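**Student:** One letter stands for each residue in the lines below.
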Amino acid sequence: MTDANAHAHPVIACLSARFGDGLIETHRHRGDATAVVRPDRYREAIAFLREDTDCAFDFLTDLCGVDRLELKLKPRFEVIVYLYSSRTNSRFRLKTRPLNDADPVIDSIVDLFPAANWPEREVYDMFGVRFTGHPNLTRILMYEEFVGYPLRKDYPVNKRQPRLPMREIPDDRPGMIFL
Amino acid sequence: MAVKEGQGGFFTSRLSDGIAWARKWSLFPYPFVTACCGMEYMAVSAAHYDLDRFGAAWPRFSPRQADMLMVVGTISQKMAPILKTVYEQMCEPKWVVAFGVCTCTGGFYDNYATVQGIDRVIPVDVYIPGCPPRPETVLDALMKLQDKIQSEYHPLTGSVRKSA
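Top line first, the protein sequences correspond to chains G and X. Reminder that position 28 of the first sequence reads as 28 in this note's numbering, one-by-one numbering, no gaps. Reminder that position 110 of the second sequence reads as 110 in this note's numbering, one-by-one numbering, no gaps.
The hints are simulated quantities; they were obtained by calculation from the structure and are not laboratory data. If you're wondering where the values come from, they're calculated on a predicted model, not measured in any experiment. Even for Gly, the Cβ is constructed at its ideal location relative to N, Cα and C. Any given hint could be a false lead.
As the list claims (entries may be wrong) - Just so you have them, the derived chain G footprint on chain X, three or more residues with Cβ under 8 Å:
#	stretch
1	72 to 86
2	114 to 120
3	142 to 150
Using the sequences and the accompanying hints, generate a full structural model.
**Tutor:** Here it is as structure tokens:
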């Protein structure tokens, strides 16, 4: 999978020099570079990208999760970090894949990028990926009573968990105005 | 003296008509605005479409002072108990307008997060479809609600709504 010219990209070159086989794959498409790191080196890679004076990624654009169940890829979950460098005006995407599909766990990067706080909670809320070291890993969008993780591909699309009992609505409703 | 609907004499039915006339021209909306339909609600409220012609322009941000609950925008399962509380805090008489297709049926949000129509939580008087509805549609709905209020029986005491 590794792009033969990937080393031409300065950030990928830096990362592969530093992490070697900790880098699972790299990818470039129309100027956007991506690297996938092993989960045990993920936190270290983020710290490196932030601290290294050539990379200098000082801004976390976003952090999101992916469930690759229907792509039939292993490991199932992926966490993607989008970084921006205001120093070099460039962007980079770092991916990592928690190894355990039944209980995906990955390091939190909130202490490196405080902006990761809410995105990590969202990934936890939607996909059930736990971030170790997160200061407040609770649901952010769904309510506390919600059971399961709604953006997992095996969450039934018609499943509802209402907080209030839902009234049954008859088809014929006298007095109601339908425009 | 308990007067049932349709059994009142000339005086009580004239009185009911008079109260209905007063109520339909002084609707105080409570804008329960949760989503993009709010933009259209603002357009309706502003001078160009001028809800004030119908006496329904002055939004009351306390449910206790409002008698028309305008639910404008998607209601999530998380928001549903709050909507119900606001509805219950409103004094009788009160009417509910479902503004936009998300409030009517959930719209295209057929998913884990969205209530599939607010009538599953509270009773609704007028359903306005559209994503978002045109302001003319909202005015049409308001006039139809006024017709409904005029046709209802308004006792001096007690509830206008016979069943919730």
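**Student:** Okay, which hints does this one fail, numbers in order?
**Tutor:** Hint check: nothing fails, all pass.
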